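J.: Given next are the chains, with one letter for each unit.
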Amino acid sequence: MKLSVSHPPHIKQGVTVKTIMWSKIAILMAVSLMAVFVFGLSALAMILVSTISAVITEAGIQKLTKQELTIKDGDAVSIGMLIALLLPHTVPIWVPAIGAFFGVALVKHAFGGLGSTLFNPAIAAWVFMNMSWGALTKISSVSHIGSASYNILFLGKYSDVIFESGAGTLAEVSSFILVIGGVYLIYKKYIDWRIPSSFIVTTVVMALLLGEDLSYVITGMLFLGVFILATETATSPITKNGRFIYGLLCGVLTVMYGFISCNYVVAVLYAVFFANAVAPFIEKNTSPKPVDEVAL
Amino acid sequence: MILCVSDEMTKEEMKNNSKTPKEAEEYRQQVVIPLLQHRGAICEPLVDVEDNVLIGQKIGECDNDYAAQVHSSISGHIIAIEERPHPSCVKKPSIIIESNGTNESINFKTCTNPSKEYIFDTLQDSGIVELDGYPVFNTLISKKIIDTVMVNLTYPSDANSNCTSDNIPKIIEGMKLLMKASDAEGVIIINKTDGQLASSIRSSLNGDNIKIINTKRNYIPLMNNLLAHDMTGIRISNRDTPGYAGVMISSAYGALAVSKAVLEGIPPIEVNVTVSGAVKNPMINTVSIGTSFKDVIQSSGGYLGEPGKIIMNGILSGTAQATDEVPVIKSTTEITVQSIDEVVRDKPGPCIHCARCVDVCPVNILPGRIASFSDIGRYDECSKLHVNSCVECGLCDYVCPSSRHILQLIRFARTALIRLFNIPEEKESPNLKLGCESCETPCDTGTSSVTEGGKK
Chain E
36 MKLSVSHPPH IKQGVTVKTI MWSKIAILMA VSLMAVFVFG LSALAMILVS
86 TISAVITEAG IQKLTKQELT IKDGDAVSIG MLIALLLPHT VPIWVPAIGA
136 FFGVALVKHA FGGLGSTLFN PAIAAWVFMN MSWGALTKIS SVSHIGSASY
186 NILFLGKYSD VIFESGAGTL AEVSSFILVI GGVYLIYKKY IDWRIPSSFI
236 VTTVVMALLL GEDLSYVITG MLFLGVFILA TETATSPITK NGRFIYGLLC
286 GVLTVMYGFI SCNYVVAVLY AVFFANAVAP FIEKNTSPKP VDEVAL
Chain D
47 MILCVSDEMT KEEMKNNSKT PKEAEEYRQQ VVIPLLQHRG AICEPLVDVE
97 DNVLIGQKIG ECDNDYAAQV HSSISGHIIA IEERPHPSCV KKPSIIIESN
147 GTNESINFKT CTNPSKEYIF DTLQDSGIVE LDGYPVFNTL ISKKIIDTVM
197 VNLTYPSDAN SNCTSDNIPK IIEGMKLLMK ASDAEGVIII NKTDGQLASS
247 IRSSLNGDNI KIINTKRNYI PLMNNLLAHD MTGIRISNRD TPGYAGVMIS
297 SAYGALAVSK AVLEGIPPIE VNVTVSGAVK NPMINTVSIG TSFKDVIQSS
347 GGYLGEPGKI IMNGILSGTA QATDEVPVIK STTEITVQSI DEVVRDKPGP
397 CIHCARCVDV CPVNILPGRI ASFSDIGRYD ECSKLHVNSC VECGLCDYVC
447 PSSRHILQLI RFARTALIRL FNIPEEKESP NLKLGCESCE TPCDTGTSSV
497 TEGGKK
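Residue numbers (the numbering used here), protein chains in the order written: chain E, 36 to 331; chain D, 47 to 502.
In case anyone wonders, no lab produced these hints; they're calculated from the structure. Each hint can be trusted.
Below, a list of computed lysine to aspartate or glutamate pairs in the EDC-like style, where the Cα atoms sit at most 20 Å apart: (1) E/K47 to D/E388; (2) E/K223 to D/D405; (3) E/K37 to D/E352; (4) E/K47 to D/E438; (5) E/K37 to D/E371; (6) D/K162 to D/D229; (7) E/K47 to D/D405; (8) D/K257 to D/D229; (9) E/K324 to D/D286; (10) D/K393 to E/E103; (11) E/K37 to D/D387; (12) E/K107 to D/D392; (13) E/K47 to D/D387; (14) E/K37 to D/D370; (15) E/K275 to D/D405; (16) D/K137 to D/E107; (17) E/K37 to D/E388; (18) E/K53 to D/D392; (19) E/K224 to D/D405; (20) E/K324 to D/D276; (21) D/K190 to D/E231; (22) E/K37 to D/D392; (23) E/K319 to D/D426; (24) E/K324 to D/D405; (25) E/K319 to D/D405.
Just a few of them, taken from the derived set where beta-carbon distance is under 10 Å, the chain D residues facing chain E: (26) N284; (27) R285; (28) T365; (29) E388; (30) R391; (31) D405; (32) I411; (33) N434.
On a predicted model such as this, the values are computed, not experimentally measured, just so you know. Just so it is clear, CB atoms sit at the ideal spot from N, CA and C, and this is done for glycine as well.
Using the sequences and the hints, build the whole thing.
T.: Written as structure tokens, this is what we have:
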């Protein structure tokens, strides 16, 4: 009889990195389907090209540097999908392809791969694309809840919540799916609840204080930022208080940028991008006090 | 936290299935009684090879501050005194006794209404050890003033094995004896979800002055400081004991053993052990101390399929055994068998900083971060991140999505810190206490008293 000996615990909960990543991808897929429905096959082509580019980049880097292939964990897939979803449907197809390469190669793997990234690869790639080809990635339409000319489920003019016809980017087509998906992720504890709640509360309260029209503030992009982008694990603080502060900072930066530039879609992305930059400092200054620490 | 009960059998069924001590006689042929069953020094054997011993006879004793005597659990003759496998260490000197088939015992002194002195005397002699390894007697005589005796029924392994309907009145009796010995109030801690246990305790209380407190969390014996903190609000350093907050924490097993020792005169020679997992007939057994795990599992119907791992005291924080020849000791409450397919064989991946470990940590530290620093050998950073506050409950490791060996790395960092930076482990030695001034008179080096850390 051979017995295994190991340190405790002798059981695992069963939630793995794969579970978390692929549940996020499931939500992104639902949004993608909606986008293809609204924008047609050009959106499908963008999403496919971006995802394939991201996966091939990751596989190539890991083959070249003789690492273990980790494309199955879903991180590259989610980066690729997100990059396509952050763009308007009018961009040429090579833009998301290069963007996905940039995100995976230079933002993810150059910094050490999964879990070691300083910036969210999707957002950093979006910033890169926006800087490089500003004219091509310009968002032509501003989504605005409350102007729908059609009627779904008796929601009247608020039908935009489920189905945004004036979406500027692919991700904005449905706030509804993102909210449902985000709440599901929080319920399953795949993402943390502190960042989304403090992010959204700060944004709404600050926008109201500044007298902004909430229908321009609460867009699909805000929900994508709140539930998927800001909660990206490697780029957000791990301390409990730090996560509240991080969410608060994201909200403040969103409203600051949006108030000045009158573009709350781009505001969310830049807010999370700059919050990523200071996340390590937030984390360092919010170290928890252990239960057994006795005051001297 | 998970209840370590197999899915096939509910708790109630297991209680009905439990064997009476008489049925348990059949399978005890030879017992191995380790001379170390507590935190402290190894006992000296009081008997020699070929001596005959009776049930309850004292066979090992030590002179240390932290002492827990060991007693024979069967009548028979001693065939060897040698090193044998121990369930929580590698090998320890043990006394091996072979049964002679009779059940002769020493005369157990019964007592109905013991005085305070009598309780102290019997407890000193009976060597009862709590589940965290501290002898009960030492906790009682420590200089700290105890104003509350808590019986912790939230440790699943212990509560499942010992809180049967027959034992509950005895547990309360034992608790009252501890309260009498320390002039303290009594509190019973029960998990909020365990309503059945709470109601059966309530019906046995009969208007005694004992409070019942419900908690949200399960407390394993290593979390005693945390339990005392949660109940009293007093922060206790990890180098101190619950006594700092005026609390004495006992398990169901401890209270039961106290009542048996004081009222019936029987020292701890039997323990209730839940056998669960991949065995044919999961149940609660009453077994003599020193019976091998193999025999206990055999009495539960034997292995179901090929065993992969045998775990003592809970699947979440228990110790995996290298062999099933190890004996049951005083602090054994549960034996879990995992089949070969159930054994976790994950490969650790990189930390994704998801902070799930931070969210479940009961003592509010950053387990994943400490593990990462430990992995690269930065023990100084581990120390800064309060690695010594860890209670080793194993929850961080359990929830980690990357299968990182967090608990192992934390333990590694702690041993490395002790070795590298010589941070002494807490020892309750009376001459290390500050302010005793006993060294003032004999000391002729000019210094008047002991400074912090025990240096002159």
